[in-house]
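**Student:** Chains as they are written, first to last, in the UniProt record's numbering: chain A, 1 to 322; chain B, 1 to 322; chain C, 1 to 337; chain D, 1 to 337.
Certain hints may be false.
What the hints assert, rightly or not - Using C-beta positions, here's what the derived DEER-type ranges look like: (1) A:278 - C:50: 49 to 57 Å; (2) C:195 - B:310: 42 to 50 Å; (3) B:190 - D:194: 44 to 52 Å; (4) A:281 - D:22: 49 to 57 Å; (5) D:23 - A:259: 23 to 31 Å; (6) B:249 - D:194: 44 to 52 Å; (7) C:84 - B:190: 34 to 42 Å.
Source of the hints: derived by calculation from the structure; they are not laboratory data. C-beta atoms are modelled at their ideal positions from N, C-alpha and C, and glycine is treated no differently.
Spelled out from the first residue to the last, the chains are:
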Amino acid sequence: MSEIDEITLLDAYRMMRTIRAFEERVHEEFATGEIPGFVHLYAGEEASATGVCMHLDARDTIASTHRGHGHCIAKGVDVKAMMAEIYGRGTGSCRGKGGSMHIADLTKGMLGANGIVGGGPPLICGTALAAKHEGAGGVGVAFFGDGASNQGTTLESLNLASVWNLPAVFVAENNGYAEATSSSWSVACDNIADRAAAFGMPGVIVDGFDFFAVHEAAGEAISRARRGGGPTLIEVKLTRYFGHFEGDQQTYRAGEVAHARENLDCLLRFRTRVTERDLLTDKQLDAVDVEVDALIDAAVAEAKRAPRPAPGDLATDVYVTY
Amino acid sequence: MSEIDEITLLDAYRMMRTIRAFEERVHEEFATGEIPGFVHLYAGEEASATGVCMHLDARDTIASTHRGHGHCIAKGVDVKAMMAEIYGRGTGSCRGKGGSMHIADLTKGMLGANGIVGGGPPLICGTALAAKHEGAGGVGVAFFGDGASNQGTTLESLNLASVWNLPAVFVAENNGYAEATSSSWSVACDNIADRAAAFGMPGVIVDGFDFFAVHEAAGEAISRARRGGGPTLIEVKLTRYFGHFEGDQQTYRAGEVAHARENLDCLLRFRTRVTERDLLTDKQLDAVDVEVDALIDAAVAEAKRAPRPAPGDLATDVYVTY
Amino acid sequence: MARTISYREAINEALAQEMERDPRVIVMGEDNAGGAGSPGEDDAWGGVLGVTKGLYHRFPGRVLDTPISESAFIGAAIGAATRGMRPVAELMFIDFMGVCFDQIFNQAAKFRYMFGGRAITPVTVRTMYGAGLRAAAQHSQSLYPIFTHIPGLKVVLPSSPYEAKGLMIQSIRDDDPVIFCEHKMLYDTVGEVPEESYAIPFGEAGIVREGGDVTVVAFGRMVGMAEQAAGQLAGDGIECEVIDPRTTSPLDTETILESVESTGRLVVVDEATPRCNMATDVCALVAQEAFGALRAPVQMVTAPHAPVPFSDALEDLYIPDPQRIANAVKSVAGWKR
Amino acid sequence: MARTISYREAINEALAQEMERDPRVIVMGEDNAGGAGSPGEDDAWGGVLGVTKGLYHRFPGRVLDTPISESAFIGAAIGAATRGMRPVAELMFIDFMGVCFDQIFNQAAKFRYMFGGRAITPVTVRTMYGAGLRAAAQHSQSLYPIFTHIPGLKVVLPSSPYEAKGLMIQSIRDDDPVIFCEHKMLYDTVGEVPEESYAIPFGEAGIVREGGDVTVVAFGRMVGMAEQAAGQLAGDGIECEVIDPRTTSPLDTETILESVESTGRLVVVDEATPRCNMATDVCALVAQEAFGALRAPVQMVTAPHAPVPFSDALEDLYIPDPQRIANAVKSVAGWKR
Ligand SMILES: Cc1ncc(C[n+]2csc(CCOP(=O)(O)OP(=O)(O)O)c2C)c(N)n1
Ligand SMILES: Cc1ncc(C[n+]2csc(CCOP(=O)(O)OP(=O)(O)O)c2C)c(N)n1
Ligand SMILES: [Mg+2]
Ligand SMILES: [Mg+2]
């Protein structure tokens, strides 16, 4: 932990805090009825996206899931454009055509949230392949959930990545549930990380409430991938703070969330750790909070004011040429 | 081995010998140009289908692959109807509509050869589920190849079988190749059996040239399944004697086949073992050979004489009612 | 006795009645039993939109949860069907067909033919289709033309609670594989539904409105849109015959052709994208079989050749609506060579 | 300079020339490199029917073998395409689409739209379709109508070696995802093909025979069948205009409509099964857009609504042939109200 410098620590905190504030705010705004569609929030899982993406740069790509806001923010997608997208506005990341489940920014190496469970891992085999051909040390990271770890497309991607010796990292975010189905039931082995051996790659388990643990494990996997050492499967154990999607009453897991929020929360733990060890001050962190909250306020305000897509956009952007 | 009685041993020999004679004969007949389509021969792998299917009865089901003749014969599908099917005749198992890649007999619990790699394992989850609901101790067995062990549909079926605690057995027949692609390259772990752990089930490796080894391992897995103990993955290591399909020149594996035929052949090993231990006599076995050869001769002769399907059959059998 | 219930309730009731009647009927899908047994949860989810809710406790051991592995569990439903069960598997959104299509179209659909008529596979795949929920490109498609294309499948598109119940009962009893397509925007629509069990036969269209000027064939949710358009048009003196085929495979070609023989004019309304869809299917049928009666160009009212957009501003334009249908009807009603 | 080469060789040459020209082009598929490096094998397989043979040693590191996991490697091709590569992935038989369709239709096809126009995905999926090889129900389908249905995909059906080369070159250079459908029965057909590199634009039909009596639109292998039929019919005094659209998406509607405007008669020949296929697509188009010109019912010549049978006795009946096409043409040529 001592190797992480002050600026990096502040960046990490800002990233996690931005995700949290973004998600808490979308949760509130959704309740007003103004945000349409299916929205899956990432609050509680911030240390995962952040711990991984802090290691990534312009060479690198990530693929995400239906629960994609955190990954997008961590990979540098513009927060205001994201908010506008969630509101279905023409100023959104996808000009209002994608929505929460499809926020993407290819210029940032962010291949998209994905409405298909298990949709991302195959794509990351491809971006990792492209990175390998390019030879500049780029890596591809696929984020996916415990539920997705049972999908054949995910499993066969692990094998392909290994066979092709790709610079890829597979991050299984095990938040205990796929919708209302418990991962302890749906995943037939003890840990998702145990599946790594079936595909000839190392498997690692990390505490997803601990930024530092994620950061360290991801750092190792990513640098091995950059060096040509092949893929890794990292299982991050964590909890989502909201329902599967907005509207889910969560009757299936009474109490769990409150416990996690109070005792395990990644932001709280980060703050305690960095202030106790005098790496950052509460004042520094509070300043970030203020900055972030202002950014989110502005993002919401601008999104609400932004125009909807024009009728003429309906059937454009289907092809480059047709 | 001593538990296997004489009649069972003779049956096993007859089964293996029937498969061998069938396949050698199809190989010859294919060369004459009279057999149409893609034909994948099972010669060399007889101990696998036989060692497994000797344990099965009318409650039980199997699903097979493109290389399905051996599994069909071992599950009791009529050999003459099979041959007629391969010739595309109206008297065939599928009345000439299926051909080599789709021979089936649901009345025998044989769910079909299958032209789709990885097509069988999901289906066997279903027959095993039906058997479980029926409660009569039936099991489902999915045979598949090393190539198929990389297909997502196969992998996710292992998980489902485990999660549902199904009376299922997964038999991975690792003959070293998927077409011309070596399994040592395409399977990212050392043994396919290693994948069992990823899905919470036991994994076993057996020598596929040794009927007794297969028989024992399959017996354990099947009786555990019958008792409600859940699925098993068995990897059977073996070699196919002919090309991937008829017509394949096999330039990619010079010498391997001759070595296997001379030193490992399951029929030769079976004969040596049962005669050395005085379980069966050469005379008994020779009598089976004569019987089997006559059966195959008759099957080919009848197939050649049999009528093709009638034009009116073209669009029948699509639905039960429409 | 009929009472007013929703489309969702109608499907649920059909499932319950068939499960009651026939022990071979089982139900499976993601979160069909999800959450059951947890503290705080007194029922299972009954699927993401609750269509199978209430069945879990009522039919112990016959409502199965599944991991997210559609090939495996849809395949399992198919395999179980070959062994005499009558499984109803939920493919949550029809958009997810891409991860399990092989089991549906190469396995279930082809067994009977490939095996020379020696198989029956009475599986029902329930699935949710259609736009309108702001669910964007991967959760809003109307992919039934793809299933309709495949020989060996039957494809069902109930347009009302009454149809939903009767067609679901028929689907379960039918000996062929059935793709039962539920429109997500119809779940909360209500209508009169008999309490008793009844089956609506496949391949028999409903004539939801009679009229002599223009034949309007509409599918699923579009039936209601077409009825609205017909209502408006009646005010303008144009009488539409609105036909709801109920199933796209088999298709009741007779009712459609007969109607066109008398009206001479055809509009087909299909929520699917326009290429190789049901609109082309019905128009081509009529142009081949009833050309002599046609007195105007056929008209297709469909979604554009584009994925479903997220923004409400675009999605509302994407879905065929009564206005576009009325315009199409007017253009053929007034057509002169 | 043109010489006579086969359809297989034409595709191979197109791949080689594009790989030469553009280092971003890579090729992948099952056994594309299979067997390479084994003792006794001096080349790689180049795919199961050898279409990519010879490329492995010529372009080191750019011809990739794949495990049997179509979702993963087709998805990988798509992912690589988003990063500037121009991958050509082989889906061995089009029948196998069912295990990887999601990556094609929900990912590649929709990226551009879902991402608001901010993506290009220049991937080419080469795949083998069609009946005739006695390969039965799971290896003989003509599933291009399904791909044509999907907005965001381009679908290519070369009918000759000349088209195969030019359309493959265009496919690789095209910035959209392309499904390139090779008919397995055409691999050994030969024809004149220029040695130089050339691209045939998409959406521009070829008029392979001019004629004023009946418009015959045929796809892929059916183009040759239609030409044969047209040859026979010319003897009977019926002149067909045979149109080869080359691509089903985009479709050159203009050429088709113009032809029907002049002939007033249309026959469409499609090897696919009859529901929601290209025959319905083209017939519906014409019945909507050129109704005023139509002087007879449209006719569709297709496979039956059945899986492809194994036995040669049935398969030969299954595939549309010149005789059936000629009969259809005659029925519309002689049609009287
Ligand atoms: C192929 C497919 N099947 C099912 C779904 C519906 N679905 C969306 S999210 C989800 C649960 C995913 O669980 P997990 O992978 O654990 O991710 P989490 O939601 O917990 O982040 C399901 C079943 C889908 N989108 N795609
Ligand atoms: C989904 C799918 N992909 C590819 C193929 C083509 N194919 C048929 S058999 C085969 C090799 C199978 O290898 P393996 O599973 O090891 O079985 P084996 O042939 O060795 O018995 C391939 C690639 C197919 N039939 N289905
Ligand atoms: Mg989860
Ligand atoms: Mg093999």
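**Student:** Has the hinted range 44 to 52 Å been met by the Cβ atoms of residue 249 of chain B and residue 194 of chain D?
**Tutor:** Hint violated: Cβ distance 32 Å, outside 44 to 52 Å.
**Student:** Using the beta carbons of residue 84 of chain C and residue 190 of chain B, state whether their distance is inside 34 to 42 Å or not.
**Tutor:** Check passed, 41 Å falls within 34 to 42 Å.
**Student:** Between residue 278 of chain A and residue 50 of chain C, is the Cβ distance one that fits in 49 to 57 Å?
**Tutor:** holds, 52 Å
**Student:** Can you let me know if the beta-carbon spacing of residue 23 of chain D and residue 259 of chain A is within 23 to 31 Å?
**Tutor:** violated, 55 Å
**Student:** Look at the Cβ atoms of residue 190 of chain B and residue 194 of chain D and judge whether their distance stays inside 44 to 52 Å.
**Tutor:** At 51 Å between Cβs, range holds.
**Student:** Is it true that residue 281 of chain A and residue 22 of chain D lie within 49 to 57 Å of each other by Cβ?
**Tutor:** holds, 54 Å
**Student:** If you check the beta carbons of residue 195 of chain C and residue 310 of chain B, does the distance land in 42 to 50 Å?
**Tutor:** holds, 49 Å
Comparing the model with each numbered hint stated earlier shows that hints 5 and 6 do not hold.
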